[in-house]
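Novice: Take a look at the letters that make up each chain.
2 protein chains.
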Amino acid sequence: MNILITNDDGIHSAGLITLAQEISKIARVTVVAPDRERSATAHAITMHKPLRVEKVDIPDCNALGWMINGTPSDCVKLALEALLDFTPDIVLSGINSGPNLGTDVIYSGTVSAAIEAALSGVPSIALSIVGHGNVSFKNAAIFTKKLCLQILNHIFPRDSLLNINIPSVEPEAIEGIAITHLGTIRYKNSFDRRTDPRGKVYYWLAGEAIGRNDDKGSDVWAVKNNYISITPLLFDLTKYDIIENIKKWNLQI
Amino acid sequence: MNILITNDDGIHSAGLITLAQEISKIARVTVVAPDRERSATAHAITMHKPLRVEKVDIPDCNALGWMINGTPSDCVKLALEALLDFTPDIVLSGINSGPNLGTDVIYSGTVSAAIEAALSGVPSIALSIVGHGNVSFKNAAIFTKKLCLQILNHIFPRDSLLNINIPSVEPEAIEGIAITHLGTIRYKNSFDRRTDPRGKVYYWLAGEAIGRNDDKGSDVWAVKNNYISITPLLFDLTKYDIIENIKKWNLQI
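Chain order of the listed sequences is A and B.
Per the working numbering, the first sequence starts with residue 829, numbered consecutively.
Per the working numbering, the second sequence starts with residue 829, numbered consecutively.
None of these hints come from the bench; they were simulated from the model.
Be aware that one or more of the hints could be misleading.
Same chains, same label: a pair holds when it works inside one copy or across any pair of copies.
[Stated by the list, open to error] Simulated pairs of lysine-lysine, DSSO-like, Cα-Cα distance not exceeding 30 Å:
#1 K1052 with K1028
#2 K1052 with K1076
#3 K973 with K877
#4 K883 with K973
#5 K966 with K1028
#6 K1028 with K974
#7 K973 with K1075
#8 K1028 with K883
#9 K1044 with K853
#10 K1044 with K1076
#11 K974 with K1076
#12 K1044 with K877
#13 K1028 with K1075
#14 K877 with K1075
#15 K974 with K1075
#16 K883 with K1044
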């Protein structure tokens, strides 16, 4: 099995290294990841400057590592179209430090890397751990390893990918796996208006979540209740169910 | 009517200025747009540095203009949550120079600005002109003005937005309006591998489109046949129809 690993926290992040170490026990692992943190880059790609590629050793792991001065999407594009002479069986993006839940996935570099792989027809999984700080990537990496083996038995859904959020708790505290839909996270008053040392105004995104729609069956609900959340995502943004409705508007040129 | 205009080509781009001039004939227009081109930024947001706001005159137009050192999504967020003391009736993003069709919308700063508005519950429209170079923004802006007036008569679909691509042809060559779904655009061998003056290898995204799935009813088909394409888009990325299927995989921790 060939597995490509990327992320948006950068190639030196603990989440990626722990994942590569664990997955290399069951597969030939290649890491192609950004040279530094690229959080909230969403699906940005680099068009107006060249990308540099540098070989990097992944500690305590026989994975082949490449570091790129680009975004998570750049890494997947470059890996699949230029660096690798094979198509990986699975692309894993993560393990991200911090959740990628609900409407927030639209900003996520972790998720966008998985979308990029899915766009190229490669099964892909975005992985995040819920809880910043003292999180255990090890347990999450072991779970991911088991999951990869189980997923091989199934036909991976076309035109889609999986977004997985893993609560950062002891394994015995995990209630199970929930197949979920995206919940909603609402933010308010999320900019601080400040004055710089020279008296000029600037704004800083604070981004305080004020409401989480944790309806049962959503990813937000799942991780709150210590379930591992698996959400199937799509990348065809068409809202098919309102096409006929809008046709009836009878819009004129 | 209050209309907020943004884009990803920057506040000085002809597409935005022409749109603001035309729309200000029917509405109070506020422009909040990036200080420079931000194409292919997708839904990136700025978290790790401050945002600066500067007032800018929009030529031959009484619109209020603000220039931001951020991404299109930053502009919409900052406008709705900090700069404006009202909620606009519609957010327009564009007019982008060049198409935003098919699977490419996932990379689009133009579309992401409209998604950002829709996330906040504001009706929004992404606007692009198909054809680089000698394009007529004027005709596209006049069409958009008419469209805004027509849309007010309808309940704008919740949790969605409109993605509009306008062929750059004379008005009499436009065949009509088509309500479409996203087509597929496939790229191949899209990185040039080059050597810099010091002998080091670099890669540059070339991004040649090799296949356009222009099935009838898709946006790709529509603009190819000189229709104005209107595609309703969603921002809930859940692939609902395979949730039950994945539950049957019976995945274990």
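Novice: All the hints need checking, so say for each whether the structure fits it.
Specialist: Against the structure, the hints come out as follows:
{"no.": "1", "hint": "K1052 with K1028", "verdict": "neither (41 Å within a copy, 49 Å between copies)"}
{"no.": "2", "hint": "K1052 with K1076", "verdict": "between (42 Å within a copy, 23 Å between copies)"}
{"no.": "3", "hint": "K973 with K877", "verdict": "neither (36 Å within a copy, 36 Å between copies)"}
{"no.": "4", "hint": "K883 with K973", "verdict": "within (25 Å within a copy, 53 Å between copies)"}
{"no.": "5", "hint": "K966 with K1028", "verdict": "neither (46 Å within a copy, 37 Å between copies)"}
{"no.": "6", "hint": "K1028 with K974", "verdict": "neither (53 Å within a copy, 40 Å between copies)"}
{"no.": "7", "hint": "K973 with K1075", "verdict": "between (47 Å within a copy, 19 Å between copies)"}
{"no.": "8", "hint": "K1028 with K883", "verdict": "between (43 Å within a copy, 13 Å between copies)"}
{"no.": "9", "hint": "K1044 with K853", "verdict": "neither (36 Å within a copy, 48 Å between copies)"}
{"no.": "10", "hint": "K1044 with K1076", "verdict": "between (35 Å within a copy, 19 Å between copies)"}
{"no.": "11", "hint": "K974 with K1076", "verdict": "between (50 Å within a copy, 17 Å between copies)"}
{"no.": "12", "hint": "K1044 with K877", "verdict": "neither (45 Å within a copy, 36 Å between copies)"}
{"no.": "13", "hint": "K1028 with K1075", "verdict": "neither (49 Å within a copy, 54 Å between copies)"}
{"no.": "14", "hint": "K877 with K1075", "verdict": "neither (42 Å within a copy, 44 Å between copies)"}
{"no.": "15", "hint": "K974 with K1075", "verdict": "between (47 Å within a copy, 17 Å between copies)"}
{"no.": "16", "hint": "K883 with K1044", "verdict": "neither (45 Å within a copy, 46 Å between copies)"}
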